[in-house]
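Line order of the protein sequences matches chains A and B.
Here the first sequence stands for residues 1 to 316, where the numbers follow our numbering.
Here the second sequence stands for residues 317 to 632, where the numbers follow our numbering.
Just so you know, nobody snuck in bad clues.
Taking lysine-lysine and the DSSO-like style, the derived pairs with C-alpha atoms no more than 27 Å apart in a straight line are:
(1) A:267 / B:583
(2) B:629 / A:313
(3) A:32 / B:408
(4) A:201 / A:221
(5) A:267 / B:424
(6) B:348 / A:19
(7) B:389 / B:408
(8) A:97 / A:19
(9) B:510 / B:606
(10) B:348 / A:108
(11) A:32 / B:629
(12) A:108 / A:92
(13) A:32 / B:424
(14) A:32 / B:413
(15) B:408 / A:267
(16) B:408 / B:384
Think of the hints as simulated: they come from the structure by calculation, not from any bench.
So the chains spell out like this:
Protein chains: 2
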Amino acid sequence: MLQSIPSKLDIMTSHERIKPYINRTPVLSSDKINELCGCEVFFKCENLQKIGAFKARGGLNAALSLDKSLIEKGLCTHSSGNHAQAVALAAKLLHVKAYIVMPSNAPKPKVNGVLSLGAELIFCEPTLEARENGVKKIIEKTGAVFIHPFDNYDVIAGQATASKELLEEQPDLDAILAPVGGGGLLSGTGLTAKYFSKKAKVYAGEPEGAADAVLSFKSGKVEKAPFINTVADGLLTNLSEKTLEIIRDTVRDILLVNDEEIMAALKLVFENLKIIIEPSCAVPLAALIKNKEVFKNQQVGIILSGGNVDLSKLTF
Amino acid sequence: MLQSIPSKLDIMTSHERIKPYINRTPVLSSDKINELCGCEVFFKCENLQKIGAFKARGGLNAALSLDKSLIEKGLCTHSSGNHAQAVALAAKLLHVKAYIVMPSNAPKPKVNGVLSLGAELIFCEPTLEARENGVKKIIEKTGAVFIHPFDNYDVIAGQATASKELLEEQPDLDAILAPVGGGGLLSGTGLTAKYFSKKAKVYAGEPEGAADAVLSFKSGKVEKAPFINTVADGLLTNLSEKTLEIIRDTVRDILLVNDEEIMAALKLVFENLKIIIEPSCAVPLAALIKNKEVFKNQQVGIILSGGNVDLSKLTF
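Using the sequences and the hints given, assemble the complete structure.
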């Protein structure tokens, strides 16, 4: 269990630890998207990861880093969906129980995903406070070990392996874009670029309707979003102390986009890459398209974070 | 230009010829689909191929096999969509003109795909006769070279490379399933299994609403479908003499499915593999699910043929 910011070796070790259990996801590209963006874009398809999201990496790494004796009473977490599935998957692989506190408005495919992995589901009000109280009660009752969705160095080291694989295939990237919610993926991506690339700068895309990270990035303190109203349901949480510190050190900028731009980017991915992504996952591409001049003629990597979308709610 | 049934060496040569221009598409799998099917299924994702379909392989192979002096007046073909895009792509790479005769009811994404590749588009009535007449007129007028969508040994050898790549990654497959329209992909898959696998048996899925191949397979003559009515718009054509001969020699069985089964399989792929496929592409998985007992506990490959679907027409 890591007690400080993951080192290069920590990320390499984490990668070896989770490799047997995760998909080596493909890297896709599209001539039409390249043309539209004015640069070469390489999409790391974590929507094609186990449980349909990069969160499998962090959840598995954190669970597998714990001593077996510690986890025999089970794992628990709170999450709007993808991290919940990651912890449920880890518990299943380790043959222990999983207790998941989920907001009552979590998307149906994510709820079904958790249930189908055999986890015990506890619904709560869709606030951070209710989620944290829910987890507290579970721990008192069961003795299960809590795995935080992002304020956890092992989770961060796990998420870092997505961009590590991308750089193994495309070592000459000038930039890497990731979405930012709690900052687990973004801080991991920042560390990976720092350790494994000579030149790649890391940028985040963030929804205007959950614009906490951009404020925290500037002030240096964990800030709340002025308001919450966005289709990107996976990016609603604030940063944590741990993720903010790494992001301030390793990320170049955080770029804001609105829901219309997010949905246009989502459509572009559906139509040209022929893959299914959730709205949160379209945020970095929307940010790239909005800031074309920054990335002109560059080689740009984008982490496509997840594909757990309620298809019945999408219209084109 | 091949004058007889492609040999093992012909398929290997074809693969090397087209490799620089095609995507090495990923092979995906899903624990949930495996569970549901009672076997291990490996999906070769040709929906993630250039132009969104396996047809890029055959079209490019046929065009690149022709002497440069032969094609300076351009390439032409008739197609409901994916082969049209393949020929348009080949013409673009070879810097010659492409003339495409398309039925007036071709799906919009396929029409747009052809136009965006710079081809000249000629619409015709949605009958085979109208398509063939359209091509005849083009050849008389322009001197362009016709590339048939499937009654062409170079096209067949190109399509064969999809299952060749699949077998390179999964050499122990017990069975491979492909959809059947004109039979280019199916005959290529049959040849590949014969040449490159010790045990893989090849099966086709065919829509009940375009059930010509199953009749031809039995009678040994090219038959027409009793009626045409299916969502699988890419599988409407009859076999040809060339494809039928190979299919009779190399394919184990042709399995019929109805539109409801096709759309259920399509939904399963969207939700679990997180990729976009067109209805024609869901036919082999529907056939597998309908005939589970045939494939029980086996390792099964499925060629996912294409992803060019009009998303505005899909509802879940």
